[in-house]
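Colleague: Residue numbers (the working numbering), protein chains in the order written: chain A, 1 to 506; chain B, 507 to 626.
Keep in mind that the hints were calculated from the coordinates and are not lab data.
One thing to keep in mind: the hints can contain errors.
Unchecked claim - Okay, the calculated beta carbon distance ranges per label pair:
1. B:D556 - A:F355: 49 to 55 Å
2. A:L369 - B:H533: 44 to 50 Å
3. A:L369 - B:L574: 42 to 48 Å
4. A:A228 - B:D598: 40 to 46 Å
5. B:D598 - A:I408: 57 to 63 Å
6. A:A228 - B:R571: 31 to 37 Å
7. A:A57 - B:N597: 26 to 32 Å
8. A:E218 - B:N597: 50 to 56 Å
9. A:R63 - B:D598: 33 to 39 Å
10. B:D562 - A:S413: 35 to 41 Å
11. A:V39 - B:D562: 35 to 41 Å
12. A:S413 - B:Q584: 34 to 40 Å
13. B:D598 - A:S401: 54 to 60 Å
14. B:R578 - A:S118: 19 to 25 Å
No residue lacks a Cβ here, since even glycine has one placed at the ideal position from N, Cα and C.
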Amino acid sequence: MCQVDEEYNGQLEHVATPSVSKKCVKCKESTAVLIIRAVDAFCRCCFKEYFIHKFRAMLGKNRIIFPGEKVLLAVSGGPASSSMLSQVKEGLSRDAPKKLRFVPGIIHIDEGGASGQSMEDRRRAVAQVESVLRSSNYPYHIVYLEQALNLPSSVLEVGSSATEKLQTGPSYKAAVDQFIQTNQNLHPDLFLENAWSHLSSLSMQEVQNGLSNPITPENTQALQRLFASVRTLTAKEDLLQTLRQHLILHTARTEGYTKVMMGDSCSRLAIKLLSNISLGRGASLAMDTGFSDSRYGDVVIVRPMRDYSSKEIAYYNRMFDVPSVFIPGLDTKAQDKASIQRLTESFVNKLQTDFPATVSTIYRTSEKLHTACPPQNTNSPTFDKCLMCACSLDTNAEEFSAFKATLISEQLSQRRGPGPGLSLGTAGAPGPPPASFTGQGQCRSSDEGQRMPATLDLKSLLCYSCRLTIKDMTAVDILPQYILAEAERKKRRITQMKIVILGSLK
Amino acid sequence: MTASLPVLVRGSDSDVSNKMAAPIALHLEFGGGAELLFDGVKEHHVILPDQSEPWDMKQLLVWIRANLLKERPELFVQGDTVRPGILVLINDADWELMGELRYELQDQDNVVFISTLHGG
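Given these sequences and hints, build the entire structure.
Modeller: Structure below.
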């Protein structure tokens, strides 16, 4: 029993902190099993309730997802997206008291081609993910990153905003009431079941085709060439993110989904916020880390997991058997300083251990961010958007801005002439903006052939951080065809517009 | 009273020679990508050898680093403790509730290390 021993006395004093056999702060009865936010201890049941409730509250508070709407869940297989999938299943199940009312589908992207995995490993990982997806009974689409090379250039177009329709259409409450009324006669589950089975029968065929593996070794090599041409890991991760977005967007558009749910957790978004600032994406922070991202117009990206920390998600998955598949990515086992994103991640995580309010503070700051510029008018949407990431171009800066200063110092520090299509060759004259338009120069160069103009002037179509990503590539024409084609098209339109303007001035 | 504090529980004998803990059998699990550092093996049954003082988590980490970790120790252990971002569960409870590094291991304990560093 008690020992009056020197050692034990020492230990007794040491363990004075009241961390053992703490009671749950909610029900005050059961023993706590988890500490969240450094002070709140929850027992198992209360934690489960808290977790499930947060998901519904997040969707209910931001009334964006309308009843009956088709929503695409982006599941990478990792813990957060698998947790999101299980929450959706939970919310749509029969026993749920107030059911969520949308129609889900799932997309999974196999990115093994970019991270250099062998075909064997990729097949195994995809099979594991597929078994998880199949158990959900929702229609799913398995897409390979190689398919991003063959996307149509229309994927870069910003669709017409759905908000216009919403303004004329019913409000959220009215839509919900209408939905309940029309399905009053049908058993509510029957309606959803019909919808699901219809969707499943449609896309099962697609899945069959998908299973026969649409990618060839040549595609994989082309993809590897693309990523090998990018010099830094930072730019590689940025490019991967862009391609991933485009693939998801394309799938959503072709399959008729109007919303996409991404599984970004609170911790991940805090890291993303800080690393985006370092990458030069400060202008689009609100869209990148907010709950809803409507930069693509017709497809809105929502992030329902943004209130969950990684710890909560990992704990929930473990305790309630949510299956997830670990797939190594580009930055697996990378050093801390390998890329900006990795460095930010290790910084935030380290800070979080000593100051547990770090992530939530960053998160709360991100909630207060709003885009400064007014919503774009529909007349000239395309010219104001970045070619690759579709956020507003932030490079029409005034004479004495910091951006201009970086351009000037870049020009001054360049000794030789233009490199392989990346330099400021045509835009070399310091002073009169805009650097992109050289009137005769453009017309002349468009006569010279297809490829040269695209490489020389891609920069004017990109936002600041996409420019930095492209700068890290050894050659711009390795970019997927759809990006180059769209760039070509945009530049032609700009040239035509400016010719018209010049003509009218004379 | 003290019996409810796990850090103080040891055999009921006050005989000094019984403070030599019997070898402790543990069930270790690695998840969330942490298994990559252990040759991809997620579950390990280990037996910690006899020693004069009771085993605690801090010593367990040293032991794991010396005996189980196959590569890149800095991705698992940092200084005395686990790398930030690795969640530790002891018998399905948060180790922060059990005293973290000071928790004294008992026979048949289940310790899980989940890396939360890979996204979702």
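Colleague: Are any of the numbered hints broken by this structure? If so, which, sorted upward?
Modeller: 1, 10 and 11
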